[in-house]
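Colleague: Single-letter residue listing:
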Amino acid sequence: MSSLASMLQTPGAMVECDDDPEAVFEYLCAKGWSDGLPVIPPTPERVERMLSFCDRDFDKPVVKIPPRFGAATPIRVAANAVMAGCKPEYFPLVLLALEALAEEPYNLYGTQATTHPCTPMLIFNGPVAREVGINSGHNAMGNYFRANAVIGRAVRLSLVNIGAAIPGTGDMATAGTPAKFTFCVAENEDNSPWEPLHVELGLPKDASAVTVVAAESPHNVNDHESITPEGILTMVAGTMANTGSNNAYYAGQPVLAFGPEHAATVAKGGMTKAQVKEWLWERATIPLSKFSQEGIDRRFRRKLAEQFANAPLDTPVHMWAKPEDLIVIVTGGAGKHSQYVPTFGNTRSVTRALKREDGELVRSIQELKRG
Amino acid sequence: MAQLTKRGLIAAVVCSDTFMKLGTAQAKVFGVPDLPLLKIQHPLGGLNMDKVVERASVALPQLLKVVKEKQS
Chain G
1 MSSLASMLQT PGAMVECDDD PEAVFEYLCA KGWSDGLPVI PPTPERVERM
51 LSFCDRDFDK PVVKIPPRFG AATPIRVAAN AVMAGCKPEY FPLVLLALEA
101 LAEEPYNLYG TQATTHPCTP MLIFNGPVAR EVGINSGHNA MGNYFRANAV
151 IGRAVRLSLV NIGAAIPGTG DMATAGTPAK FTFCVAENED NSPWEPLHVE
201 LGLPKDASAV TVVAAESPHN VNDHESITPE GILTMVAGTM ANTGSNNAYY
251 AGQPVLAFGP EHAATVAKGG MTKAQVKEWL WERATIPLSK FSQEGIDRRF
301 RRKLAEQFAN APLDTPVHMW AKPEDLIVIV TGGAGKHSQY VPTFGNTRSV
351 TRALKREDGE LVRSIQELKR G
Chain F
1 MAQLTKRGLI AAVVCSDTFM KLGTAQAKVF GVPDLPLLKI QHPLGGLNMD
51 KVVERASVAL PQLLKVVKEK QS
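Which chain is which? The protein sequence lines are G and F, in order. For the first sequence, this note's numbering assigns the number 1 to the initial residue and increments by one for each residue that follows. For the second sequence, this note's numbering assigns the number 1 to the initial residue and increments by one for each residue that follows.
Read the hints as simulated data drawn from the structure, not as lab findings. Keep in mind it's a predicted model, so treat the numbers as computed, not measured. A hint or two may mislead.
[Unchecked claim] Below, in silico cross-link-like pairs of lysine-lysine (DSS-like), each with a Cα-Cα straight-line distance of 30 Å or less: (1) F:Lys39 to F:Lys68; (2) F:Lys70 to F:Lys39; (3) F:Lys51 to G:Lys303; (4) F:Lys21 to G:Lys64; (5) F:Lys68 to G:Lys303; (6) F:Lys65 to F:Lys51; (7) F:Lys28 to G:Lys31; (8) F:Lys28 to G:Lys60; (9) F:Lys28 to G:Lys64; (10) G:Lys60 to G:Lys369; (11) F:Lys21 to G:Lys31.
[To be verified] Partner residues aside, some chain F positions facing chain G, computed with beta carbon under 10 Å: (12) Val29; (13) Phe30; (14) Pro33.
[Claimed, not checked] Reference listing, derived: stretches of chain G covered by chain F, where coverage requires no fewer than 3 residues with Cβ under 8 Å from a Cβ of chain F: (15) 67 to 73; (16) 165 to 173.
Ideal Cβ positions, reconstructed from N, Cα and C, are used throughout, including at glycine.
From just these sequences and the hints, can you work out the full model?
Modeller: Below, the structure written as structure tokens:
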């Protein structure tokens, strides 16, 4: 294990500024190291404390983050986690999310630099999410809850400060999305009628995992009237089918995050997750005629010629390629709302389980505490 | 293009003015800081054929200059 003290002797590893909070904030903003919100100064003591939940070599890159392909070493990620406001026990989840993002199917390079407003949506499952307090109840995708706010924020700060996803030079998003500050949720497993996402994907129920999705902001599905699965899913399908979505062109894996009440209605009506996906795939469609003439001529007839070269104008355009590509979770509290999360399209979700250095699944975050 | 350059071929990237900073940074990241960027007016997407020809007429002389320089 490299010594933190010796790493801090590396030229450029440390900077000094006035320790007044406003002065620190001004300094970090001037350097371009903040997301525009105040940050906790990453002093050596705080970074060391953050690393108390790290079982890796502090200076060995865990991943490289494009577009700069900066080396995300634990010490660098820890500095960003401190700035974001993480507790040390959140740190393994930040690293886990970065590892998942760096897997090739996610297409981190494309999602970082694109003009599209996508950002990593982090979906946590399993006991560790509960243990560290990632909210899965009321306002799960909103504000107020520290773990949701700062774990997602630490990932974003790492993408900017290590990967150089700097607006206008490395992140070319036309308008971006407020979800770029943070987009971190847990699945409400206790209030889901179905198996949780990580179990559906083959992990044991007591595993803890993150699933990363290159997501837009959530789009709400309000349905206070329907009392049947078909009724609710009709409303969901209508929200999914929109011509401006990347998913109409590039497929990908959008997310349907049922509110628990909608999920209960659908499940009581006898539908499994697989049936929900099949039903929605068939009906979340847009007739080709609804796209602009230029879109039909240039994109569908040419770029997607295999499917649409000679297709009649009433041909349905599906919002994702195969029924099973839709990701279905349950999150949030009471209320007749669900969320649809479109994606970048040219990306696949990646799920990674939280493991110890010896490869064993982590059942409690305390297993990762040093010493 | 970085790979082609590293293999000794003459390569260049057409880049709209808005994306020049990204293009320059990426050329450095991929180890070919001198990779020629052929600058055209933004946007590149969503153009009719006249505008495409206009962009090409701006890029072509730059490409020919690159080829001549590399060959000499």
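Colleague: With reference to the structure, classify each hint as holding or not holding.
Modeller: Hints versus structure:
1. F:Lys39 to F:Lys68: The given pair, whose Cα atoms are some 17 Å apart, holds under the 30 Å limit.
2. F:Lys70 to F:Lys39: OK: lysine 70 of chain F and lysine 39 of chain F at ~18 Å, within 30 Å.
3. F:Lys51 to G:Lys303: At roughly 20 Å apart (the allowed maximum being 30 Å), lysine 303 of chain G and lysine 51 of chain F satisfy the hint.
4. F:Lys21 to G:Lys64: Given that 30 Å is the threshold and the Cα spacing comes to 21 Å, the pair holds.
5. F:Lys68 to G:Lys303: Violated, at roughly 34 Å.
6. F:Lys65 to F:Lys51: 22 Å, holds
7. F:Lys28 to G:Lys31: 21 Å, holds
8. F:Lys28 to G:Lys60: Cα-Cα ~23 Å, so holds.
9. F:Lys28 to G:Lys64: 16 Å, holds
10. G:Lys60 to G:Lys369: This hinted pair holds, its Cα atoms lying about 19 Å apart.
11. F:Lys21 to G:Lys31: This hinted pair holds, its Cα atoms lying about 18 Å apart.
12. Val29: 6 Å, holds
13. Phe30: Constraint on phenylalanine 30 of chain F satisfied, holds at 9 Å.
14. Pro33: Hint on proline 33 of chain F: violated, closest Cβ of chain G at ~14 Å, above 10 Å.
15. 67 to 73: holds (count 3)
16. 165 to 173: Our answer is that it holds, as 4 residues pass the Cβ test (under 8 Å) against chain F, meeting three.
Taken one by one, the earlier hints fail for this structure at numbers 5, 14, listed in ascending order.
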